[in-house]
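The task is simple: from the sequences and hints, build the whole structure.
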Amino acid sequence: MKLKLNAEIAKKLLIARWRQTLVAAVGVTFSITMFITLLSFMTGLNDLLDNLILNRTPHINLYNDIRPSQNMPADLSIEFKNYHNFISSVKVKNRDADIYNNNAIIKTLKSDNRIKGIAPKVITQVFFNTGQSVIAGVINGIDVEAEKNLFFFDDYITKGKSIDLKNISNSIILGKGLADKLLANIGDIIYISTTQGETFSLKLVGIFQSGLHDFDKTQSFASLSTVQKILKKPANYITDIQIKLFDVNKAPAMAKEFNKTFETDAEDIQTANAQFETGSFIRTIIAYSVGITLLIVAGFGIYNILNMMIYEKMDSIAILKATGFAGRDVKNIFIMIAVWIGLFGGTLGLIFGFLLSSVIDQIPFNTAALPTIKTFPINYNPYFYIIGSVFSLITTYFAGYFPARKASKIDPVIIIRGK
Amino acid sequence: MTKTILEAQNITKYFHDPVTTKVLNNINFKIDKGEFVSIVGKSGCGKSTLLYILSTMDTDYEGDVIIDKQSMKNKKEKQLASVRNEKIGFVFQFHYLLNEFSVIENVMLPGLKLGKHTREEVESRALQKLKMLEIDKLALKKANKISGGEKQRVAIARALINDPLIIMGDEPTGNLDKKNSSIVFDIFKKLSDEYNQTLLIVTHDQGFAQNTNRTIIMEDGKIINHG
Ligand SMILES: Nc1ncnc2c1ncn2[C@@H]1O[C@H](COP(=O)(O)OP(=O)(O)OP(=O)(O)O)[C@@H](O)[C@H]1O
Ligand SMILES: [Mg+2]
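As given, the protein sequences belong to chains Z and H, one line each in that order. Residue 1 is where the first sequence starts when you use my numbering, and the numbers rise one by one after that. Residue 1 is where the second sequence starts when you use my numbering, and the numbers rise one by one after that.
Incorrect hints may appear among the rest.
[As the list claims (entries may be wrong)] What the simulated footprint calls covered on chain H by chain Z, stretch by stretch (three residues with Cβ under 8 Å from a Cβ of chain Z suffice, anywhere in the stretch; the number is not a length):
{"id": "1", "stretch": "78-84"}
{"id": "2", "stretch": "100-110"}
{"id": "3", "stretch": "140-154"}
Read the hints as simulated data drawn from the structure, not as lab findings. By construction, the Cβ of each residue, glycine as well, lies at the ideal position given by its N, Cα and C atoms.
This is the structure in structure tokens:
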């Protein structure tokens, strides 16, 4: 009843000044529109860039680093056990980079219900021969099916078919940059030599484009068995086991666990791509701070119009107080005006924000680096809309609060004396 | 047996700007139900200041104001507001109507605030007050589209809406021409005679004061004649 009466007075005051209140509301609309659009676009871009790396990075990678033994003979001998031993010029033992006992490891991993899938890999350095010169590169021996399912391998094949790696023996897929350097086309024969000096010829069945130029200049793919054959290794020779989890956040802990139980190196995705997280984080911060700055500016707009309204309505405030309205009622009246402006402007802002992001979503965005992307990326996260409306209400509330408090403290005696 | 409606007890008031001066000096008086009292005195003697204290709007004073047997000292801002709403009707020199509202809505506002009656009841009461003041034809007009004399009559109707114990006026005819002044005076007289309404009116108009039941004369912050 009381609130209804205050609301009625607020409504009348608002309608009487509809032009100014509309301007204030447009300010809120503009800032919320920009807030939504900016966040949707920035996080869309973040997701795109993240996926570029994260989609094809294993959550945990098991491998064997070639490094000196942790336990030196001097440390082990009883005689020097309690001494501090300095050993210089330590050399690495001649040992293969493969994961020892990988069959058993793979079996154990396959029965772990936290794991979505695993893809074994053999990675080796090779030289690509073209005429007189050689180009250093890397061959990844992969399980095509697993790679396709877990790491979206097909998304990056721009020419040819990935399955041909499996169906055609001694075949290879080259990175786009590498293929360009070798002047190679699908069906051509590629000559490679291993670090041991052996030469092989492989048939080119596909071109691969990841979006990372440096990566495409050195990398190539072949089937597991092809690479094992090149290296003259048996079928159980595996250098990397790539693991994809159901919950990526468990990766660091699980990497530690695997490092202990399997006695291999284990790197988790968070450690491998720390710099990536930072980039995303900064872009998000920028989007939020621009949005919030705009909102604060809009808040000042509301603050101004309310101050002006209160200045104009001094007499009305005085008589309301003289006839029995308490300071609190006066405060409520002006806060209501501010919040209505916020609600109206904010709701329009959410709608326009959605429309503007849908428009951006339609703008063609073709780049050689990102073959699967056709338009600008937009992330329609409902969370942004919730944040936007909460922020618009909070800022308009505070923009209204201070003038309203001033109005509630107006002394009617001073006003009435002044006449 | 007469009933005291308003009582001033030892009211003393200082202003501190630019120097501390005593504006009201130990004011004591009573007003009984049905009395039509006027306050007169030279300009600057403290009439308005006294009225603002009696009306509970000014709380910075020594002494006490008793309205309807209740002390106004130590009451909170909100409680004082509801005392004004329920028990006091104001008429100032200026009308203070809200231009955004129609005439009848202006009259209804304090009634709606009181919340004792439904909206329909408040509306019919407002119309009845307007009729009594012979301005019911203006009910639906916007408040800024009527004449000065009419505005002051609307302000009187607004003061009457909650059937207050007392009507206070600070030079209610001060802005009006002779004709409108006498209309307003006749209204007050009629309220006093026919409805036994208690009134306390500050005025400069000698003729106005002479026609009231009792005239309080002030000089330099003191009452020199209780009438
Ligand atoms: N806010 C204030 N600060 C300081 N002095 C004030 C203030 N208001 C009024 N005064 C002084 O208090 C005294 C009484 O003022 P008040 O308005 O009560 O006089 P008044 O009797 O109503 O005069 P008038 O007939 O001209 O309306 C005057 O001398 C005035 O100058
Ligand atoms: Mg005065």
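Here is what the structure says about each hint:
no.: 1; hint: 78-84; in the structure: holds (count 4)
no.: 2; hint: 100-110; in the structure: holds (count 4)
no.: 3; hint: 140-154; in the structure: violated (count 0)
Of the numbered hints stated above, the single one contradicted by the structure is hint 3.
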